[in-house]
Amino acid sequence: MSLIELKGIKKSFYGVEVLHGVDLTLRPGTVHALMGENGAGKSTLMKVIAGVHKCDEGTILMDGKEVRINSPSEAQSLGIAMIHQELSPVREMTVAENIFLGREPSRMGFIDYRKLYAQTSDLLEKLRIPINPKSKMKSLRVADQQMVEIAKAISQNARIVIMDEPTSAITDNEVDSLFAMIEDMKAHDVGIIYISHKMGEIFRIADDITVLRDGTLVNTWPASEVDNDTLIKQMVGRELKEQFPKVAAPIGETVLEVKNLSLTGQYEDISFELHRGEILGLVGLVGAGRTEVMRSIFGMTQPEKGEILLNGKPVHMKSPADAIKKGIAYVTEDRKGEGLILPMSVFKNTTLSALKDFVKTGIIQDVKESKAVDEQVKALRIKVNNLKLPVKSLSGGNQQKVVLAKWMITGPDIMIFDEPTRGIDVGAKAEIYKIMCDYVAQGHAIIMISSEMPEAMGMSDRIIVLSNHKCSGELDRQEFSQEAIVQMQFKYM
Amino acid sequence: MNTNTKKRIDAKQFASTYGSLIGLVLLIIVFTILNSRYLGWANIRNILRMASINGLLAIGMTFVVLTGGIDLSVGAMMGCAGMYSAYFAQESMGLHWAVALLIGVGMGLVIGLFNGVCVSYLKVPAFVGTLGSMSIAQGLTFLITKAKPIPGLSEGFKNIGGGSVGPIPIPVIIMAGVLIICFILLYKTRYGRYIFAVGGNLNAAHVSGINTKRIICSVYVISGVLSSLAGAIMTARVTSGVTSTGDGYETDAIAMVVIGGTSLAGGKGRLWGTIVGILLIQCLTTGLDMMGVSYYLQLIIKGFVVIGAVMLDGLSAD
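Respectively, the protein sequence lines represent chains P and Y. One point on numbering: in this note's numbering, the residue at position 405 of the first sequence is 405, and numbering is uninterrupted. One point on numbering: in this note's numbering, the residue at position 249 of the second sequence is 249, and numbering is uninterrupted.
Do not rely on the hints blindly, as some may be mistaken.
[What the hints assert, rightly or not] Only pairs whose alpha carbons sit at most 16 angstroms apart, straight line, appear in this in silico EDC-like list of lysine to aspartate or glutamate:
| # | chain 1 | residue 1 | chain 2 | residue 2 |
| --- | --- | --- | --- | --- |
| 1 | P | Lys47 | P | Glu5 |
| 2 | Y | Lys188 | P | Asp357 |
| 3 | Y | Lys188 | P | Glu369 |
| 4 | Y | Lys213 | P | Asp322 |
| 5 | Y | Lys188 | P | Asp366 |
[What the hints assert, rightly or not] Derived coverage of chain P by chain Y (criterion: at least 3 residues anywhere in the stretch with Cβ under 8 angstroms from a Cβ of chain Y; other residues may be distant):
| # | segment |
| --- | --- |
| 6 | 324-332 |
| 7 | 362-375 |
Bear in mind the hints are in silico, worked out from the structure with no lab data behind them. We treat Cβ as the ideally placed atom computed from N, Cα and C, and that holds for glycine.
Given these sequences and hints, build the entire structure.
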């Protein structure tokens, strides 16, 4: 008898289907590992089970009966607990208050603090977690917060526990005690769905392994019947279906050189070169340090060690303003948070970084500004009825084009693209790829961070792979292979 | 979108954009019906003179609120500047009125700069930082004469608040000048664009290459300068320095700004809206005064007007 059975789960966001009918069966007393690349749909699928997202189609069976899970609290009452990838404790509350949040033991309507702390002590002792129940959550290390989160899931007496990369922030010792807890839960017939990128862990604890790719189920195996290489091949083994309008531009001299750049906790000893006419792909798992390196090159953070050379001269980027002045543009991964001023008009967003070019004796020259904006709107084919409308009224693809226009107008020599096509429809994607190719063809250079393997391989002239904050390999276009890249991604995990 | 919903949205948009202006016009009509002297030249001059003084605070506050901040110290800076300029404008001092005025405005500049540094560079929340300087400014006000009023101001100085050029009161001329400068600053220069950007999305503004800290710091300086200018003019108008000048004016200033449709969340607003807000509050106050409505009742009415105006503005929010 299965604990939970998912059949044909489909889920779309903003009209884009991200889960295309996925099946999954969890047996009691087992660990079921869920694997796949970034964006394969693992977390989305788990959020469907945990009631965070509602599935559009498909059925969920528990103990053979169909259930509907409409909210996290319904999931909880069905005995489903989820430990999310991103922790969200109430930082000002104590460990005990966090563990029993929303289900505090009470007496006559008041919280029974004695019972609360006694129960928490018992729980933590049983799980061998050496944390004081009365400590404020914010005083704990991230690893300890993670352990508290795990204790919370266990305390709910859940029959199904979902763990989304639970070991991403904890040390080996803590991994051991986590695994001991997992063994204990298995003995009590609890079923665990375990998401992780770490192969070693998977083979230590998993009973079954399921691989997802691009929102579809690839296969499910008993863990004893697959090996490392098979799994990697299955995770990436797709044809390059999407079309990339890649035009190879002549590669020129070195425009940017990074030497032994380090910043504690973010990236270590990063070195690479960027040439004119080149699109350099920067690949790695989420959290590998790709964005962090780029933020330093753009002056948003300061590296502790190492050097950045621009056209052969050492430079020090004090701020984004400084980097822009030196001819660098950064299309960030967070379009709404860092790319655009959402309530501001399309027009004003477009010229924001280049305003000084339109100023004469302190006054903005409307005619000159309009002309420049019109040129960009035309060149990038931004679909907008009225340039005075707030930029938030545009679609994702058009918003992204406004971000591109904003940077293009500054006339940069190097553009950094961080996930340039995330959440954008196929048509706009192709247009953005075309813009990138045209740009490097003019003798400029691009660094592109991408989590989408086909995009990285389709667009880059060269790929650098980061693994766990370090450079783990470099490949030229003719050496590109998904297996090689994925091996490199896991090199230091 | 069918035409019906479109019409409804347009109506909402209209109410949100012009609601306060329509309210202002209605208010003037009602008061004129109730009292024919309301639209007399003498009363209009009086309204404009007072609106000019109180409005300076609201103009400065608009800059601050556009960046997503707030300045609670405007009333206190007004009082402080009034007292210090009065001290140096005493007939017995024998100083030129401009010197006294500059000293008063200088006080506001220093306190405003202090506010700006606290909020932008030292990362003190605006509410707390300016609450602190409100107290500091009040203390400074009392310190100079141990809370005694300062009479006997020079004629030149008194002229700043009470004088006229032709038929137009000097405070109104000053206000007009300030408005022109502020309109140009806010809508015609990079600086103004950056203020909206910083308030609209601080992170994105930073990534776009804007020195966000300097922008944030500067709006508090503007607020300080304009508040102290108002303080000096007010003192000149009442012809003596009194420590209670500006007490509670911060609430009126904030009310004028939000009535004008500027969002307290920052990044969204309009200067002409603030002008409507200034006139609305001033016309209401003067009208109620003329009708002999008690101060206490006036407070209650004003409270409802502020809430109603912001509610109208919120209609278009979704």
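Cross-check of the supplied hints:
1. P/Lys47 with P/Glu5: 15 angstroms, holds
2. Y/Lys188 with P/Asp357: 14 angstroms, holds
3. Y/Lys188 with P/Glu369: 12 angstroms, holds
4. Y/Lys213 with P/Asp322: 15 angstroms, holds
5. Y/Lys188 with P/Asp366: Holds: lysine 188 of chain Y and aspartate 366 of chain P sit about 9 angstroms apart, inside 16 angstroms.
6. 324-332: holds (count 4)
7. 362-375: Check passed, 3 qualifying residues.
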